[in-house]
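These protein sequences, in sequence, are chains A and B.
My numbering numbers the first residue of the first sequence as 1 and each following residue consecutively.
My numbering numbers the first residue of the second sequence as 1 and each following residue consecutively.
Hints may be right or wrong, so weigh each one.
Chain B regions said to be covered by chain A (calculated; three or more residues, Cβ under 8 Å) [what the hints assert, rightly or not]:
id: 1; stretch: 50-63
id: 2; stretch: 81-91
id: 3; stretch: 97-109
Think of the hints as simulated: they come from the structure by calculation, not from any bench.
All residues carry an ideal CB built from backbone N, CA and C; glycine is no exception.
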Amino acid sequence: MSQTVSLTGNRGLLWLARRETLRVWKLWTQTVLAPIVASSLFIVVFGFSLSGRIRHIDGFPYREFIVPGLITMAMVQAAYSNNSSSVFQARSDRYINDVLSAPMRSWQMNLGYNIGGVLRALAIGAGLAAVAVPITGVPVREPLVLVPAVAFGLMLFSALGTIVGIYAETFDHHTFVNNIVILPLVFVGGVFYSVSRLPSPWHELSHVNPIFYLVSAVRYGFLGTADASVALSVGVTAALAIPAYLWAQWLFTSGRKLKA
Amino acid sequence: MIDSLGRVPVSAPALDVRRLTKRYDDGTVALEDFDLTIPEGMFFGLLGPNGAGKTTLINAVCNLIRITAGDVRVFGEPGSSLLARSWVGLAEQDINLDRFLTVEETLVYHGGWFGMTKHDAERRAAEMIDVFDLRAKSDVRTPKLSGGMRRRLLLARALMHRPRLVILDEPTASVDFELRQELWRYIRRLHEKGTTILLTTHYLEEAEALCEEIALIRAGRLIARDTASGLRRAYTADSLTEVYVKAMHEQPCPVEEAAA
Numbered sequence: 001m002s003q004t005v006s007l008t009g010n011r012g013l014l015w016l017a018r019r020e021t022l023r024v025w026k027l028w029t030q031t032v033l034a035p036i037v038a039s040s041l042f043i044v045v046f047g048f049s050l051s052g053r054i055r056h057i058d059g060f061p062y063r064e065f066i067v068p069g070l071i072t073m074a075m076v077q078a079a080y081s082n083n084s085s086s087v088f089q090a091r092s093d094r095y096i097n098d099v100l101s102a103p104m105r106s107w108q109m110n111l112g113y114n115i116g117g118v119l120r121a122l123a124i125g126a127g128l129a130a131v132a133v134p135i136t137g138v139p140v141r142e143p144l145v146l147v148p149a150v151a152f153g154l155m156l157f158s159a160l161g162t163i164v165g166i167y168a169e170t171f172d173h174h175t176f177v178n179n180i181v182i183l184p185l186v187f188v189g190g191v192f193y194s195v196s197r198l199p200s201p202w203h204e205l206s207h208v209n210p211i212f213y214l215v216s217a218v219r220y221g222f223l224g225t226a227d228a229s230v231a232l233s234v235g236v237t238a239a240l241a242i243p244a245y246l247w248a249q250w251l252f253t254s255g256r257k258l259k260a
Numbered sequence: 001m002i003d004s005l006g007r008v009p010v011s012a013p014a015l016d017v018r019r020l021t022k023r024y025d026d027g028t029v030a031l032e033d034f035d036l037t038i039p040e041g042m043f044f045g046l047l048g049p050n051g052a053g054k055t056t057l058i059n060a061v062c063n064l065i066r067i068t069a070g071d072v073r074v075f076g077e078p079g080s081s082l083l084a085r086s087w088v089g090l091a092e093q094d095i096n097l098d099r100f101l102t103v104e105e106t107l108v109y110h111g112g113w114f115g116m117t118k119h120d121a122e123r124r125a126a127e128m129i130d131v132f133d134l135r136a137k138s139d140v141r142t143p144k145l146s147g148g149m150r151r152r153l154l155l156a157r158a159l160m161h162r163p164r165l166v167i168l169d170e171p172t173a174s175v176d177f178e179l180r181q182e183l184w185r186y187i188r189r190l191h192e193k194g195t196t197i198l199l200t201t202h203y204l205e206e207a208e209a210l211c212e213e214i215a216l217i218r219a220g221r222l223i224a225r226d227t228a229s230g231l232r233r234a235y236t237a238d239s240l241t242e243v244y245v246k247a248m249h250e251q252p253c254p255v256e257e258a259a260a
């Protein structure tokens with residue numbers, strides 16, 4: 001009668017990752033298409049309208065210069081908001097209990113929830129690149145830098161989304177972090193301009209913004225040049241991503257805020 | 001413990017709770033030094049008013065709360081172990097269905113994170129859909145189901161991975177008479193095949209008709225435990241309802257009196 005289920009493999013993890021991905025595809029116009037359209041409009045409106053006034057930055061046409069930052073902005077927001085809303089919803093409606101009571105290890109739960117945000121962000125990044133590269137002609141000069149920069153960036157913001165999803169008491173908390181913390185930091189992180197052109201103290205202050213380093217690393221991956229050194233940029237992003245992921249892991253392991 | 005052939009000795013009770021204490025963060029003590037043993041194969045009822053600690057006990061067994069002290073074992077295995085979790089099926093008191101999934105997906109994904117293969121999960125889901133008469137709604141998302149349908153789906157989900165211990169936390173709350181009779185017929189058949197059932201309900205006549213043994217719980221403590229007829233004798237009552245009223249409102253437990 002009772003069937004022995006598989007407890008040794010990663011089947012539960014794969015199903016959880018699949019569920020998180022399914023949610024993204026079921027709402028694809030909202031979760032994937034809308035951010036691509038919005039960022040494409042930024043490229044068209046800012047890139048082409050301002051390129052008459054701002055001819056070149058760091059040797060690149062303005063419309064090319066802003067593409068890496070816009071892709072970064074779209075991806076980090078998607079990774080964050082996907083996980084914060086998905087985990088918060090699961091907690092709020094209490095269907096997360098179905099996962100918490102399942103024979104899955106805490107690292108599998110953490111990874112499973114984070115994969116959803118990462119895949120959604122990658123879909124947006126790929127879609128936006130597919131639009132932006134032909135339109136603007138932006139090159140991809142350092143793909144080997146682009147890979148770790150994107151990987152650590154998505155790890156950071158997926159984990160941040162998961163953490164906020166776990167701590168949030170209302171949906172407002174999730175939007176508060178997005179609108180009051182992430183979005184302003186992205187805008188002053190050098191998406192639309194080169195930080196090296198800023199006067200003091202804004203130039204120095206920009207270096208305290210962690211998103212500046214992520215934008216810088218991604219820009220280096222595309223253009224082969226950026227405001228900060230590539231090692232520092234990837235290093236700072238990784239140094240933030242790893243503790244953030246471990247924090248999310250601790251929440252799943254300890255049950256803090258997930259279990260009364 | 002499991003023997004060298006991977007078998008669990010028959011002597012291990014389905015549920016063995018020792019000195020379980022749960023103190024919530026706000027200081028509320030829901031259970032204190034709570035002991036309960038349910039032999040394998042028993043249909044066991046847990047009765048008590050709201051706030052008595054029934055759901056806390058269930059959540060402790062299902063790894064959904066952080067217990068303050070004590071020990072929970074399921075068929076001899078620590079309650080937090082993967083093996084123990086794979087043996088328990090829970091239908092919670094509140095409807096907690098994933099709003100993004102259809103009826104069929106709810107069951108298949110549940111099977112997935114309990115380690116079932118896609119093929120097994122789909123086959124079992126089809127079986128559960130037929131048993132609980134959900135065929136016409138199998139492609140419908142859960143928010144669009146009626147209350148009765150959601151309750152059926154909750155039960156189907158709890159039984160999806162063929163658990164050895166099925167925990168039903170007020171499964172027939174707000175369920176009409178016909179569906180209640182239908183659900184109990186299925187649960188009875190399941191019990192006849194050897195599944196251990198732990199039931200909480202406010203319908204005392206249901207508990208009397210179904211349960212081989214009944215425990216009365218009040219303010220986080222077990223105050224009496226016996227067969228329905230044994231409880232009636234102990235409380236010199238004509239019905240379980242009278243037992244309940246005396247136990248919860250009027251008299252100290254005869255067992256406690258005798259011990260004093």
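Coverage of the stretch 81-91 of chain B by chain A, judged on three or more residues with CB within 8 Å:
That given contact holds, which follows from 7 residues of the stretch 81-91 of chain B lying within Cβ reach (below 8 Å) of chain A.
Taking beta carbons only, do three or more residues of the stretch 97-109 of chain B come closer than 8 Å to chain A?
Satisfied; 7 residues make the cut.
Are there at least three residues in the stretch 50-63 of chain B whose beta carbon sits under 8 Å from a beta carbon of chain A?
holds (count 3)
Checked against the numbered hints given earlier, this structure breaks none of them.
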